[in-house]
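Q: Given next are the chains, with one letter for each unit.
4 protein chains.
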Amino acid sequence: MTHNIAILGASGYTGAELIRLIAQHPNIEIKALSGERKAGMEMAEVFPHLRHMQLPTLCKIEEIDFSGIDLCFCALPHKTSQQVIAALPTDLKIVDLSADFRLRDPAEYEKWYGNPHAALAQQEEAVYGLTEFYRDEIKAARLVAGTGCNAATGQFALRPLISAGVVDLDEIILDLKCAVSGAGRSLKENLLHAELSEGYNPYSFGGTHRHLGEFDQEFSKLAGRPVRVQFTPHLIPANRGILGTVYVKGDAETIYQTLAEAYAAEPFVQVLPFGQAPSTHHVRGSNYCHIGVAADRLPGRAIVFAALDNLTKGSSGQALQNANLMLGEKEEEGLTMAPLFP
Amino acid sequence: MTHNIAILGASGYTGAELIRLIAQHPNIEIKALSGERKAGMEMAEVFPHLRHMQLPTLCKIEEIDFSGIDLCFCALPHKTSQQVIAALPTDLKIVDLSADFRLRDPAEYEKWYGNPHAALAQQEEAVYGLTEFYRDEIKAARLVAGTGCNAATGQFALRPLISAGVVDLDEIILDLKCAVSGAGRSLKENLLHAELSEGYNPYSFGGTHRHLGEFDQEFSKLAGRPVRVQFTPHLIPANRGILGTVYVKGDAETIYQTLAEAYAAEPFVQVLPFGQAPSTHHVRGSNYCHIGVAADRLPGRAIVFAALDNLTKGSSGQALQNANLMLGEKEEEGLTMAPLFP
Amino acid sequence: MTHNIAILGASGYTGAELIRLIAQHPNIEIKALSGERKAGMEMAEVFPHLRHMQLPTLCKIEEIDFSGIDLCFCALPHKTSQQVIAALPTDLKIVDLSADFRLRDPAEYEKWYGNPHAALAQQEEAVYGLTEFYRDEIKAARLVAGTGCNAATGQFALRPLISAGVVDLDEIILDLKCAVSGAGRSLKENLLHAELSEGYNPYSFGGTHRHLGEFDQEFSKLAGRPVRVQFTPHLIPANRGILGTVYVKGDAETIYQTLAEAYAAEPFVQVLPFGQAPSTHHVRGSNYCHIGVAADRLPGRAIVFAALDNLTKGSSGQALQNANLMLGEKEEEGLTMAPLFP
Amino acid sequence: MTHNIAILGASGYTGAELIRLIAQHPNIEIKALSGERKAGMEMAEVFPHLRHMQLPTLCKIEEIDFSGIDLCFCALPHKTSQQVIAALPTDLKIVDLSADFRLRDPAEYEKWYGNPHAALAQQEEAVYGLTEFYRDEIKAARLVAGTGCNAATGQFALRPLISAGVVDLDEIILDLKCAVSGAGRSLKENLLHAELSEGYNPYSFGGTHRHLGEFDQEFSKLAGRPVRVQFTPHLIPANRGILGTVYVKGDAETIYQTLAEAYAAEPFVQVLPFGQAPSTHHVRGSNYCHIGVAADRLPGRAIVFAALDNLTKGSSGQALQNANLMLGEKEEEGLTMAPLFP
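Each protein sequence line maps, in turn, to chains A, B, C and D.
The UniProt record's numbering puts the first residue of the first sequence at 1, with every later residue one more than the last.
The UniProt record's numbering puts the first residue of the second sequence at 1, with every later residue one more than the last.
The UniProt record's numbering puts the first residue of the third sequence at 1, with every later residue one more than the last.
The UniProt record's numbering puts the first residue of the fourth sequence at 1, with every later residue one more than the last.
No wet-lab data here; the hints were simulated from the structure.
Misleading hints may appear alongside valid ones.
Within a straight-line C-alpha distance of at most 27 Å, the following computed BS3-like cross-link-like pairs (lysine-lysine) qualify [to be verified]:
| no. | chain 1 | residue 1 | chain 2 | residue 2 |
| --- | --- | --- | --- | --- |
| 1 | B | Lys249 | B | Lys221 |
| 2 | A | Lys249 | D | Lys249 |
| 3 | A | Lys111 | D | Lys111 |
| 4 | D | Lys249 | C | Lys330 |
| 5 | A | Lys249 | D | Lys330 |
| 6 | A | Lys79 | C | Lys188 |
| 7 | C | Lys79 | A | Lys188 |
Given only the sequences and the hints, what does the whole structure look like? Please build it.
A: Okay, structure coming up:
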């Protein structure tokens, strides 16, 4: 059985990545692609790497007939997404890749994003889209909110540890290294090749990065009490990949066992042998997340590493994984391609 | 029906690329992987990006039982390959990725590679593996010789033009830009990141690059008289991709029409609209070759551009495409994934 | 004796590069820096790599008192430069880094740049700034027009050969590879790291690149008859560097001798041993140009390679070299730092 | 007055960087360059970016007449250095760039480097070469031991804080990001462009990196009691640069003031405005170290960032800075060039 889908915001990187992945899916057909500023253009012009595919011409959202659409991916900018989704048919299944429906508490949303939420009903309904931890809710959901790519990385490293209570909740430091595609296709000076390549720097440090809203929400919920982690992202001269280096206090072996057991049956989360660390090289272009654990020389301290591709497992791959659950498809369908190395 | 295959030389980039592609193939099963110096190791150690796959442990070639193998990919170094293949069962189907069986004339082989050929019988039997131009021979072949990655690029740009006689055969210049993975996983100073990134240079220029042997053989055969092109490859700081810029004398529109018609029905060769040029960005990790044609301001001159991924269409993708033909599979099977961009 | 200078357009890459170079010059003092949109900002904010220097605050051009300025560098955008320079004091020495005063024929200017020239008097007065070939004129000039960076590269390879008549003037092909900083600090999608890194492509091909105006003017003047070369630039994923690969017909040894003699006494142009090729790696951040010559296997054909740093020898280094001549300083002053490698 | 120097191990990156820097020094002349395996070669062959310089031919150490040498830089591999230095004239001033003389306690040396020290007399005599903190000792020293590049980065961030007692000594975490040239010109698979570019990973984590020996020694000495920091280096796809992200417990404002005061008079250490972070882009190719301090949202926590160029301030620039002190030269001589950006 074929599912018809639409992608809103198909002219950005996450939209293009969705198309790349869906091209490998036997049961999903792309019926509509929107791109407000590029409406009327062919995808071959916007993303020449997709020129071999038969794809709908980019259109405006208002031109889409949603009656024949089974599921809609929203890859729109933050704030735009909530406005658009509020106006979509109320029985349309939606996977949103923006930040708009990740935070359940409207006050938290406003705190991190600066504006009152414009689609409160949908916000209440939305299910947090970290597939491995919300499978049942996602299967039953109409609207799934994809996680932040950094937020996903940190949670893969930490959720089982917080649930199991094997790390000191007040001493968690997440030092993150992100590639540039996470910032999207936006024209900013610091994203130019000449500004970015051959150097690196922290950004949004000190507790200001918006993905902290997700960490606060999810980790506190798991722990049953407020948890506030320290989080410092860095921009690295590469196109894809996130590496999280997580400093925790706890017994390294116990931490390793906890993670190894938590992910033993997960197809997309691979826990490396104890003492080994992952590399973003080895997950590029794939839906896999690699996790490593090492003991520090300082007793009672451990380091947990998590690596994933921000555009795939951190965004569009996760979105397709969720769509598979919502559509009754096999969760892995279209997502098992090996990473691209070198 | 499942075909059992072996990959000899699985610890190099083309070996790993074969595994990545075959992972998407529904009817091929990997039964054996050899790697002389790394025999006994798991692929997850040699190529951690493949750790999610169930793969045979690396072994020595002599440990492989070829009786159950339908087809063998040889991704061994030049010179080694001819020795190994000479000793393999004579009824085993083989796709060789080395340079050893590309040149039909033993004297030409010795001229370009410096040693007398050690497997003359197999050399005589081998079919040149540029799929789009040798389909029937490949379907019937036992041993197919994969082309050089640079040689493939130049031929996609030039073969239809030489066949049709629409360019001056004595005035062809091929300026090539290659990414570094074409040099393999070898430990050479000029392949270090610190030596290569942020700069670029020509190499093997002046008529010394071995792929000229393939150009000479193939173009002369097409033209029915000796054709000698000028060929200058350059090493570019990127991991995958070849861009050929071909300077020809002829009518640009005629040249365009000739190429457009030649590749109209080809699934993997895409001719762009007249006046547009391809980019290696848009073929990365895929089996597609993009071709562009433009007129120069100088009358009677045209530029033909061809872009492909050296590890995929230029090597392992071509190899799988050939194997599909040899095994009676659909030619595109396992090869239709979209390029990875960004 | 100290010379006081101003830099107009100091917030772009060529402006910053001028400051970097002048910092090594014992006899030049920077008195004013303009940046229209960033007026009022400190250079430490605009270019944090210059934060250790004591520099004037960015101002608007109209705020500069030119009475105390000995020489003014104009690193403004094309078209803006001619308007600004037309309004500057007529006795102020000027080195212009834009394209506005490179072409002597107003019709040629309009053909390549699309607008009638707005400062014809100054255009007539301007001296073409390729130092090695216009030394005497530059020493006497009030207004020097810096060359295009691609135009400089091609001319270093070809001028002595055209002057000496040792190559076929109707068969010159210049295949150029440029790094991205040549495009400036402009916010364009194709200059983003995610769009540019790990791939490469031609641009402005077929005879449309504006630097052809310079080639036509200079090469025709040298030859005493019209010369039209074929020119195809490519964008390479690196920040600095231009490599020109020039295909010529002529005797390779003669070509080599001609170049070796022409540059024997030049401090900044290095001719490599016959048969060796330069790399952009080895000129990065310096004012040196490396030239190589090789014979092709095809008789009567040679390849000339030229490599330089587009921001230094191709632009700001050349500008300082010219300013030294105009100010009576030693030509090499401030310009002898070694390239940065790796 | 001109000082004659020799560089032992001039065929590696730190040797080449020394030459690049000394080229800007008015009072130092290079009299001898050694390179065991490349003895007899010209530097133009080994490092073509230095081809414009008049330099001695590479020789073997035994061929050098040290009687006319005022100071010798040793850029030899670890373990080799101690053997060579033990045999040099005992009145020769030496700046060693290896790890051999950094640790004062022979037991600590053996613990981290695995072999008994072979030059105990010299080890006892050596002064630790972090210029800003050992100026007086360095001025009087015969043998100065250059610091590790990572060790320098961490110490610039932390020494004043530990001295002033404004951070919790038991809660220091140093997450470091290093470019690849720190690993030298060695032929290792993980240093290949194809393995390194476009990805990143931790290495020598968990308390195993040898620069911890320096941290332990220096921080404990400052604190007057054992201090053990947590240290996790990561390999980043860039050629030059180290960024240290240091997590400390203490008052961010106090920490900032402490650092600002400590470095107020230092020419090469720049403390950014409070709340700003440095980037390795802005120190590339220079002897500057940029330091930033930010408060975290978690009370009592701060983040200190330090960025420098591993080959310059982290190694060869530091070495020249020390040599200047030992030779009675101005400390900044030859070291004030601005960073190369972009």
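Q: Hint by hint, note whether the structure agrees.
A: These are the hints, each one checked on the structure:
{"no.": "1", "hint": "B/Lys249 - B/Lys221", "result": "20 Å, holds"}
{"no.": "2", "hint": "A/Lys249 - D/Lys249", "result": "15 Å, holds"}
{"no.": "3", "hint": "A/Lys111 - D/Lys111", "result": "51 Å, violated"}
{"no.": "4", "hint": "D/Lys249 - C/Lys330", "result": "55 Å, violated"}
{"no.": "5", "hint": "A/Lys249 - D/Lys330", "result": "48 Å, violated"}
{"no.": "6", "hint": "A/Lys79 - C/Lys188", "result": "24 Å, holds"}
{"no.": "7", "hint": "C/Lys79 - A/Lys188", "result": "24 Å, holds"}
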